[in-house]
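Chemist: These protein sequences, in sequence, are chains D and V.
Under this note's numbering, the first sequence has 120 at position 120, and the numbering climbs by one with no breaks.
Heads up: take any position in the second sequence, counting from 1, add 1000, and you land on this note's numbering.
Be careful, since some hints might not be right.
What the simulated footprint calls covered on chain V by chain D, stretch by stretch (three residues with Cβ under 8 angstroms from a Cβ of chain D suffice, anywhere in the stretch; the number is not a length) [to be verified]: (1) 1093–1104; (2) 1124–1130; (3) 1143–1156.
Read the hints as simulated data drawn from the structure, not as lab findings.
For each residue, glycine too, the CB sits at the ideal point set by N, CA and C.
Here's the letter readout for the chains.
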Amino acid sequence: MNEEVQKSLLEIADDELVLGWRDSEWTGIAPLLEEDVAFSSIAQNEIGHARALYELVARDRGTTADELAFDRAPDEYRCARIVELRLPDWEKTIARHYLYEEADAARLGQLKDSDDVEIAGLAAKIDREEAYHRMHAQMWFDRLKGEERFTAALDELRPLLDAGRDDHTPELTELWEEMTMVRRSQPAGTTW
Amino acid sequence: MGGDDDGAPLAAGGDDVVSAEQVWAVLAEIPDPEIPVISLVDLGVIRDVGVENGTVRVDFTPTFLGCPALEVMRDAMAERIRELGAEPEINLCTDDSWSTDRITPAGRAKLRDSGFAPPSPRTAEGPTLVQLHSNAFRCPYCGSTDTRLENIFGPTPCRSLRYCTSCRQPFEQFKTI
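Just chain V, with the same shape it has in the complex:
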């Protein structure tokens, strides 16, 4: 979004120097520290944004509880909100509200374009071994579903490793959570 570089407060006369929309817009520019092709908004980890009396509250959920990128995300959000002229209040929500089903369609497309297979939708029973060994996973390079599980775990907790027997390319599969 352009046009806001003169710093004129949108809510002139009101209490708040920024609007929630402006906050969402800057959060949408913050890349995931471990998979920088996708933003925090694409990832679906921003639960809520509230603006009150010059303070911007952001509720966000970790993807994985042991994610080492949490502090980096928190600092990046706080910095961008300060740049808007507001005081940040970043809350970490450790409830069960995040699932990979919250990754946006745009985010899924960006993942696929970068060689990460987006997560398959979560079923009521959650992921199972039968599912991981099925042909439900598509190679992000050639589109074949002739892929096999190499390792449930990968370079970060949110990824598994698969191998495409069609184009002989290993690839990273976002885990369904």
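Bound conformation, chain D alone:
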């Protein structure tokens, strides 16, 4: 696996890890019980995808998935700005969900055609699960598409999908503090 391929897999893994954390923030407080269950489940899937992708890269780099996920500095992450935002508004959460799933489907489609059998296989497996995220996003899109607050959220967030992966929001640093706290506090010699 060359450097470019590793980098693009890390981009996806970072997106899925960070979005998974953000989605999990609805656990217990989503506006509907069904959505509490849905976003918790989606979060679990996204973090599972991140782990599998990190493992693929980690093996090539002689490191571990945990080290890739939690031992880098915030500015080394390759996630897109759209996944970093802490979004306490439901319409923005749904707008991000819809935009992200659409973009993610396109990139998974390309990965499924990879000439690396392992990458293509993993992408196809991830895509089987993502199909349910897309259906969930589509149902909400159909429900909210006539609402001005929702269309405004789509317009506001869409540019953040392609805003580049070298600069990050201050929210990523805050999330990083939270996400890596346990690992950074691990006393020497302990194992979890």
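Starting from the known structure of chain D, arrange chain V on it as the hints suggest.
Modeler: Just chain V, lined up with the frame of chain D:
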């Protein structure tokens, strides 16, 4: 299977203390940690079993990549193989080889008997919203197809929630993957 409690090696004189058949038999007794009515073999997640020089290699696939039961499954398999007197080597395959179509007919029957509607067969295009809203899903309690989607997501990633308008019973539908 009985009769193997005297611990006599089947492959006496050979290198291996166990046969692949014995391994499959013990794996078939390990319940899925989240849906214990069905075994790992019923679930179709065991891809391959190989026995060589006292080591038993098991290749298995996760149902969902984020499944929190993976470690439990791995440990349970390793423990049972050690009980057979062999050294386990459990490999996790994250390729695209598992689909709910691999759940065995016996496994599907066990799911239905326990109130989980087994997954519908996967089509070439995969699951769609039109399909989820269709009447292709049968209530495991009364058999009616007059059921509706309540939530694509459920208590674990592999399940959706549906409601049977005929017997007014909510039920869990195994997702088609």
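Chemist: None of the hints should be skipped; say for each whether it holds.
Modeler: Hints, verified against the model:
With 6 residues having a Cβ less than 8 angstroms from any Cβ of chain D, the stretch 1093–1104 of chain V passes the three-residue criterion, so the hint holds. Under a criterion of three residues with beta carbons nearer than 8 angstroms to beta carbons of chain D, the stated coverage of the stretch 1124–1130 of chain V is upheld, 4 such residues being counted. Counting residues of the stretch 1143–1156 of chain V whose C-beta lies closer than 8 angstroms to any C-beta of chain D gives 7; at least three are required, and the coverage claim holds.
The structure fails none of the hints (numbered hints given earlier).
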